[in-house]
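Peer 1: Sequence:
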Amino acid sequence: MNNESATLNKETKVSNEKGVSKNQSMNKPKVDFIASGIIGVLASLFSLIVIKNLGINISILIPFLIFIPICVIGIAIARALADKIPALYQFGKFGETGGLNWLFDFGVLNLLIMISGISTGIYFSLFKGISFIASVTNSYAWNKFWVFRKTEKESEKETAQEISKFMIVSLVGMAVNVILASAIVFIAPKIILSNIAPKVWANLAAAIGSVSAMMWNFVGYKFFVFKK
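Just so it is clear: in the sequence shown, position 129 is 129 by this note's numbering, and no numbers are missing.
Simulated from the structure, these hints should not be mistaken for lab results. Keep in mind that a hint or two might mislead.
[What the hints assert, rightly or not] Label pairs and their computed distance ranges (CB to CB):
{"id": "1", "residue 1": "V31", "residue 2": "Y123", "range": "38 to 48 Å"}
{"id": "2", "residue 1": "A183", "residue 2": "I66", "range": "44 to 54 Å"}
{"id": "3", "residue 1": "P69", "residue 2": "N195", "range": "30 to 40 Å"}
{"id": "4", "residue 1": "K165", "residue 2": "G37", "range": "40 to 50 Å"}
{"id": "5", "residue 1": "A183", "residue 2": "L45", "range": "25 to 35 Å"}
{"id": "6", "residue 1": "L171", "residue 2": "L45", "range": "21 to 31 Å"}
{"id": "7", "residue 1": "L61", "residue 2": "A207", "range": "16 to 26 Å"}
{"id": "8", "residue 1": "E158", "residue 2": "I196", "range": "40 to 50 Å"}
{"id": "9", "residue 1": "A207", "residue 2": "I73", "range": "20 to 30 Å"}
{"id": "10", "residue 1": "G37", "residue 2": "M114", "range": "25 to 35 Å"}
{"id": "11", "residue 1": "K190", "residue 2": "K28", "range": "23 to 33 Å"}
Quick caveat: nothing in here was measured; it's all calculated off a predicted structure. Using N, Cα and C, we set each Cβ at its ideal position, and we do this for glycine too.
Go ahead and model the full structure; you've got the sequences and the hints to work with.
Peer 2: Have a look at this one:
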């Protein structure tokens, strides 16, 4: 009887420890919902820049009515499913920040195109590099403090090493992003659908480059930069 009781207590303790560990790995609901709301607002603002540059006429309210609910509902679903599939919580957060970084990249790129009136040639590559660096800076903050949530104190040396690793992963991602996007802009119009406007090609190329870089970055950030 005593052995059965001891076994039951041990199993209960292990179960409780797992529950505590799982809860500690998640932010408080308020933190996640506020973060998701901010992401929704920023995504809306950057999407408006892209929309204006492409000459699309829609109400400025539409992006806000789309992105804010999607982000808030998305994190709610990720939190709910985390009980059964814990990895979905982190993946859901990365998906939201990845989407924001994508629009951040697009927004800065299109802003530079709007200001300069140039969307092809070497200047496009320069603009793409600038927009990617801007989005990477945004990415570091969101991934460190929200997605992978490294809250433990770090020495200056550890922080420097982390930033160095982040930059290595990001620079490789930048190379993938810029080279792939530039190759599409330079080559694709000459061999397929040449009647597509340069601005449209610029955004299609940016989309393919950004998605490819985002996939690389997630793997690098999770298993190399912010690993626990």
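Peer 1: Hint by hint, note whether the structure agrees.
Peer 2: Now the hints, each set against the structure:
Judged by the Cβ atoms, the range 38 to 48 Å given for V31 and Y123 holds: they are separated by roughly 41 Å. At about 31 Å, the CB distance of A183 to I66 disagrees with the hint of 44 to 54 Å. Distance hint check for P69 and N195: the Cβ-Cβ separation is about 36 Å, which falls inside the suggested range of 30 to 40 Å. The supplied range of 40 to 50 Å is broken by K165 and G37, whose beta-carbon atoms lie about 30 Å from each other.
Judged by the Cβ atoms, the range 25 to 35 Å given for A183 and L45 holds: they are separated by roughly 30 Å. Take L171 and L45: their Cβ atoms lie about 27 Å apart, and the range 21 to 31 Å holds. In this structure, L61 and A207 meet the distance hint of 16 to 26 Å, their C-beta atoms being roughly 24 Å apart. Between E158 and I196 the CB atoms are about 48 Å apart, so this pair conforms to the stated range of 40 to 50 Å.
About 24 Å separates the C-beta atoms of A207 and I73, a value consistent with the hinted range of 20 to 30 Å. Hint check: G37 to M114, Cβ distance near 27 Å, so the stated range 25 to 35 Å holds. For the hinted restraint 23 to 33 Å between K190 and K28, the CB-CB distance of approximately 53 Å leaves it violated.
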